[in-house]
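Asks: Sequence:
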Amino acid sequence: MADIKTQKHDAIVLSSQSEKDLQLKFIEMLKQAPLPEDELLANLGLFLSSKSLSRILFFYEIYRKIINTHGVVMEFGVRWGQTLSLLSALRGIFEPFNRHRKIIGFDTFAGFKGMSDKDGKLCKTTDGSFSVSENYQQYLGEILALQEALNPISHLKKFELVQGDATETIPAYLKRQPETLVSLAIFDFDIYQPTKVALEAIKPHLFKGSVLVFDELADDIFPGETIALREVFDVTNLKVERMPMTARVSYVVL
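In the working numbering, the protein residues as written are 1 to 254.
Wrong hints could be hidden among the right ones.
[As the list claims (entries may be wrong)] Derived lysine-lysine pairs resembling DSS-like cross-links, with alpha carbons at most 27 Å apart: (1) K51 with K65; (2) K239 with K51; (3) K208 with K175; (4) K113 with K102; (5) K203 with K157; (6) K31 with K51; (7) K65 with K157; (8) K20 with K31; (9) K51 with K20; (10) K175 with K157; (11) K20 with K124; (12) K102 with K208; (13) K113 with K124; (14) K208 with K65; (15) K20 with K121; (16) K113 with K175; (17) K102 with K157; (18) K203 with K113.
Quick caveat, the hints were computed from the structure, so don't treat them as lab data.
Predicted model, so just to flag it, every value in this text is computed and none were measured.
Assemble the whole structure, with the sequences as input and the hints as a guide.
Replies: Put into structure tokens, the structure is as follows:
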């Protein structure tokens, strides 16, 4: 297993102090869970909050929208990789033999890079914010490999982690893989510059029925994501939708 070095991480938390205290209590109870090790993974629902469950349900519904379309899944802004792992599990449920449904994640794995004035005054983060632990990309790769091993045709690798400056790695990836069709694109870079480059790069690889998911659209703390979308697409021709179980995540079906 990868050697992971723990360090301080940035986070924007809008919870009240009482909510934070309850979350910390949940963490302590998870650490001290008197469950047998071989039953721990099967009982993680014990510690699943309504907020966490709502995000899982959101992506469950999103994945169902792409089952009958062709193409890969791309996530722009991976961080700890929970969404990638969830998508891998959903693929195993809905289309375990679809070798073309590759899941690709792009991230610096070193935090934000390329912040600009278009990211607004309310955004107090800086380049380097939201970094992850040392060697985390290797650890995440092991997790995703285990996810694949639990499902059919596991000898065919169907995920990829692309590390580096997204303004360079995304265009380079699509140049190497010109056959790419993007059925689902998830935008979680938060900030303007990499989001705009990602939108511009994948636009020729989208098709009628492609789904775009946005984590910070219409968010005053991270205005850059919305600005980037408006500069690349005519939003008057887009139907930006949401689901009742989530507050901030939105999506567009082209």
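Asks: So if I understand the rule, the pair passes when the alpha-carbon distance is 27 Å or less; does K203 with K157 pass?
Replies: Given that 27 Å is the threshold and the Cα spacing comes to 25 Å, the pair holds.
Asks: Hint check: K102 vs K208, CA-CA at most 27 Å. Holds or violated?
Replies: holds, 19 Å
Asks: Given the hinted pair K20 and K31, is their Cα-Cα distance within 27 Å?
Replies: holds, 17 Å
Asks: Regarding the pair K113 and K102, is the alpha-carbon distance no greater than 27 Å?
Replies: holds, 26 Å
Asks: Are the Cα positions of K20 and K121 separated by 27 Å at most?
Replies: Holds: K20 and K121 sit about 25 Å apart, inside 27 Å.
Asks: Starting from K113, check that the Cα of K124 is at most 27 Å away, please.
Replies: holds, 14 Å
Asks: Verify the proposed pairing of K51 with K65, using a straight-line Cα cut of 27 Å.
Replies: holds, 22 Å
Asks: Can the restraint linking K208 and K65 be considered satisfied, given a maximum Cα separation of 27 Å?
Replies: Roughly 12 Å separates the two Cα atoms, so the pair holds.
Asks: Does the structure keep K203 and K113 at a Cα separation of 27 Å or less?
Replies: holds, 22 Å
Asks: Keeping to a limit of 27 Å between CA atoms, is the pair of K51 and K20 held or broken?
Replies: holds, 13 Å
Asks: For K113 and K175, compute the direct alpha-carbon distance and say whether it is at most 27 Å.
Replies: holds, 22 Å
Asks: For the pair we were handed, K102 and K157, check the Cα-Cα distance against 27 Å.
Replies: Since the Cα atoms of K102 and K157 sit roughly 8 Å apart, the hinted pair holds (cutoff 27 Å).
Violated hints are absent here; each numbered hint is respected by the structure.
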